[in-house]
Amino acid sequence: MKIITVTGQAVVIPGDDIDTDRIVPARFLKEITFEKMGNYLFYDERFHADGSPKDFPLNAVDRLGATVLVVGANFGCGSSREHAPQAIMRYGFKAIVGVSFSDIFSGNCQAIGVPCIPVLQSDIDAIMNAVADASSTLTLDLGNQQIQAGDQTWSSQLSPARQQAFVTGEWNIKEILKANAAQTRTVAKRLPYIQNFTS
Amino acid sequence: MAKRTLYNHVWDRHTVETLPNGDTQLFIGLHMVHEVTSPQAFSQLSEHGETVAYPDRTVATVDHIVPTDSIQRPFQDPQAEAMLSALQHNTNAFGVQFFGLDSGQYGIVHIVGPELGFTQPGMTIVCGDSHTSTHGAFGSLAFGIGTTQIEHVLATQTLALPSLKVRQIQVTGTLAPGVSAKDVILKIIQTLGVHGGIGYAYEYAGSVIESMDMEGRMTICNMSIEGGARVGYVNPDETTFAYMKGRPYAPNDAQWAAALDYWTAIRTQPEAEFDDQVFIDGNQLEPMVTWGIHPGQSVGISERLPMPNGDADMLRAYDHMGLTPGDPIAGTPIDVAFIGSCTNARLPDLREAAAVLTNQRVHDSVRCLVVPGSSAIKQQAEAEGLDKIFKAAGADWRSPGCSMCLAMNPDQLVGNERCASSSNRNFIGRQGSATGRTFLMSPAMVATAAIHGCITDCRA
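Residue numbers (the working numbering), protein chains in the order written: chain A, 1 to 199; chain B, 1001 to 1460.
Read the hints as simulated data drawn from the structure, not as lab findings.
Some clues are possibly wrong.
Said to hold, decoys possible - Beta-carbon label-pair distances, calculated as ranges: (1) A:Ser52 to B:His1089: 50 to 60 Å; (2) B:Glu1238 to A:Ile4: 51 to 61 Å; (3) A:Asn144 to B:Asp1056: 40 to 50 Å; (4) A:Gly15 to B:Gly1104: 22 to 32 Å.
To be verified - Sample of chain A residues at the chain B side, in silico, Cβ under 8 Å: (5) Glu31; (6) Ile32; (7) Gly51; (8) Pro53; (9) Ser79; (10) Asp141; (11) Gln164; (12) Asn196.
Don't be surprised by glycine CBs; every beta carbon is placed ideally from N, CA and C.
Make the full structure from the sequences, and use the hints.
Shown next as structure tokens:
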């Protein structure tokens, strides 16, 4: 599936260094499928211990249909749990815009077709302000490396490799990797440890 | 772009193809599997009628969900039982070697891999766990991956990856007594920040690293990811080779010379070029303690807590931790002391803690948990009598597992307890209570805090 543009309502999660334990607390990792992960997104940020809702951006009644997350720096740091991107995707988000992303997190997001789009630190406040009104929409134009809200535009800092992976649909990479099985065997044959250090 | 570094040598030798978008298809030499992040990947293989492409390059153990007081099956937690059952089923169905609870060799995956000799220099190593960077201590490129990528590796033994830049971090001088590998890595993270390593592999070098044992190097590489670096490594040397020799799955005597040739060839060359270089003066280091809600928020034991600088995240950290800016970190009361995790649950870590606890008592207000990283470490520690020291001090001596590093087994903080912890993450909620508070430090510092009931300089 090609991912060329994403348009929708945005939710801002303020703050830097939001870790994957906050995105999905570890106790929810004991399920052997990802099916219900959307229910656990930011669980301890959204709910008190008694289950009553906290004042958290995702709980805003006028943002329940949002499809874009807007975040700060180093979003998704910490654990490699794909439960975090899965929770974000299954909750209904299609893309994330932020100052920067943990390498493991953004790689996991790419592998399931959720673009993590970096923007300049100097642009993030303006982007967050532009979506302050719940009626506003954010458009992520991956083809033209632009982010747009109303009459404002900002440049996407998505790497050319990531950009191409999304716009061509090659983010869904497994079949491409499988097609190179012969080359894979050739590389394995050249590695001394794969050959038990015998050659 | 870096040239002639270990990163370049290993990356190039494992490159299968340049993919259409410019990423690299990289061959994976060793894939380690545990119960938490693998079941969905195996399910996908089953659904598509696929097999594991290189089962003999794949090895599994169980660690996150294992109770450390009793491993009797079925576990009391039905979800934990289901996870282990799924791993048993999957490893059996797909022909993957599994070190289960009855193997006598189970433990934390990042401890078991090296001690059995699976982890070797010059390999690419992945696991569905961010602390896979631990294995970089041997001069491998080792990094955490997510479940979809686990599926890719199971099905093809390869991954699609962007290349990394290389930052060499030289730790010069000599560490003072009482200062350990944990203090070095906490200082590195404090200096470069928790996102300083995004896009980088960290090469650790310098006299402090070169004179460090393998366990210390593993502690440092383990926490690379806490500084944002997915990969951290140390060039293999005589210390590495001596550690490898005789391990069950390491090269044998007949293979040894060829292995040494390869392990030497992949080292960073003297004329290597780095994207960045950083120098840390090891002579100046003191024991470090985190006070906040990420591993970069730390101070030396003699220091005071920083004054707020208008940063909202710092205010949030103070709010969660219940601390006062400007107070000394020493003297902060604790309720729990945890010695364990893939960062600091190896034999030298336990010896360090036992040395502190010898002829001492854990403070009445503290519960202290000592959790060896693997079955082998537990046996060795008991052979040395370390368990007796811990028990005599009033600490709880447990069986191997991830334990209180994260909230996936019965070992958890309760309410807003404060925990002196030898683990790797002080994130909000990390140790099982949404209001729990974690202070990261070395095993010697945890043991000292356990005795005094508050954070205390282990050198005093």
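Consistency of the hints with the structure:
Ser52 of chain A and His1089 of chain B have their C-beta atoms about 39 Å apart, which leaves the hinted 50 to 60 Å range violated. Between Glu1238 of chain B and Ile4 of chain A the Cβ separation comes to about 54 Å, which falls inside the hinted range of 51 to 61 Å. For the pair Asn144 of chain A and Asp1056 of chain B, the supplied restraint of 40 to 50 Å holds, since their beta-carbon distance comes to about 47 Å. For the pair Gly15 of chain A and Gly1104 of chain B, the beta carbons lie near 45 Å from each other, so the given range of 22 to 32 Å is not met.
A distance limit of 8 Å between C-beta atoms decides the matter here; for Glu31 of chain A the minimum to chain B is near 7 Å, and the interface restraint holds. Restraint check, Ile32 of chain A versus chain B: the minimum CB separation of about 4 Å is within 8 Å; hint holds. Given hint, Gly51 of chain A at the interface with chain B, is violated; its Cβ is 13 Å from that chain's nearest Cβ, farther than 8 Å. Interface restraint check for Pro53 of chain A: the shortest CB-CB distance to chain B comes to about 14 Å, outside 8 Å, so the restraint is violated.
Hint status for Ser79 of chain A: holds, given a least beta-carbon distance of 5 Å to chain B, under 8 Å. At about 18 Å, the closest approach between the beta carbon of Asp141 of chain A and any beta carbon in chain B exceeds 8 Å, and the interface hint on this residue is violated. Given the 8 Å rule on beta carbons, the hint for Gln164 of chain A holds: about 4 Å separates it from the nearest Cβ of chain B. For Asn196 of chain A, the interface hint holds, the least distance from its beta-carbon to any beta-carbon of chain B being 6 Å, beneath 8 Å.
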